[in-house]
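Chemist: Going down the list, the protein sequences come from chains A and B. Under my numbering, the residue at position 7 of the first sequence is numbered 7, and the numbers go up by one with no gaps. Under my numbering, the residue at position 78 of the second sequence is numbered 167, and the numbers go up by one with no gaps.
Hints may contain errors.
What the hints assert, rightly or not - If the Cβ cut is set under 8 Å, some of the chain B residues that face chain A in the computed set are: (1) Phe-93; (2) Gly-109; (3) Thr-134; (4) Asp-189; (5) Ser-190; (6) Trp-200.
Hints are computed from structural coordinates only; laboratory data are not their basis. Yeah, the Cβ is synthetic: ideal placement off N, Cα and C, and Gly gets one too.
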Amino acid sequence: MIQYAAIFAFGCFGLSVLMNLWKVLFASEIADRILALDTMFINAIALMGLYGMVLGTGIYFEASMIIAMLGFVSTVAYARFILRGNIIE
Amino acid sequence: MDLFFDLLITAFLVMAGIFGLVGSFGLLKLSDAMSRLHAPTKATTLGVGGVLLASMVHAYANGPHYSVHELMITLFLLLTAPITANFIAKVHIHQQESRDSLPAAGEDGSWATQNLPKSDDN
């Protein structure tokens with residue numbers, strides 16, 4: 001039963017990443033691109049958590065933690081660059 | 090007891106998948122930029138929370154060790170999602186809105202993102 005649920009969740013999050021990629025490519029304004037990139041990071045965290053759960057290892061936890069931090073920092077840096085013209089003033 | 094944990098993990102996974110899909114579909118489907126901000130920042134965060142809860146229950150039920158450090162990622166995402174949403178909204182105001190299209194800022198005069206420094210300051 002868990003296998004089928006995991007396959008369902010893999011499909012859902014994979015489809016979500018594809019939708020975000022579409023939005024990154026064909027967004028109408030730059031706030032949408034930042035938002036789509038941030039959502040891609042979050043979906044990648046979910047995919048890595050699922051993968052670690054299916055394989056039964058704890059290795060992927062550290063990787064997803066690092067991706068979570070990098071996603072936040074890069075989103076803030078991108079938005080800050082658009083707002084102010086540089087990142088660290 | 091095994092069946093109970095199986096059902097719990099399955100429910101968490103299905104819920105997480107649906108929430109993640111709804112969040113990303115809303116990013117494509119909604120018409121206004123500020124409405125589009127709502128879907129990923131709320132629904133997708135819930136989806137990730139569901140996956141991490143399922144992973145935690147799975148590690149407790151049939152892993153060699155049980156771990157609660159998935160909660161750390163959930164907490165981190167719940168803390169950072171509003172900050173990210175605030176920054177993206179500021180980018181939208183900065184790029185797409187003008188001083189006339191925004192509602193009045195009250196006693197402050199103008200909105201902070203529109204309040205640009207004078208060019209001779211730097």
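Chemist: It remains to establish, for every hint, whether it holds in the given structure.
Modeler: Right, here's what the structure says about each hint:
1. Phe-93: Nearest chain A Cβ about 12 Å off; hint violated.
2. Gly-109: holds (5 Å)
3. Thr-134: Constraint on Thr-134 (chain B) satisfied, holds at 7 Å.
4. Asp-189: Violated: closest Cβ of chain A sits about 19 Å from Asp-189 (chain B), beyond 8 Å.
5. Ser-190: violated (14 Å)
6. Trp-200: Where the cut-off is 8 Å and the nearest Cβ of chain A is about 12 Å from Trp-200 (chain B), the hint is violated.
In summary, the structure is inconsistent with hints 1, 4, 5 and 6 from the numbered list given earlier, while agreeing with the others.
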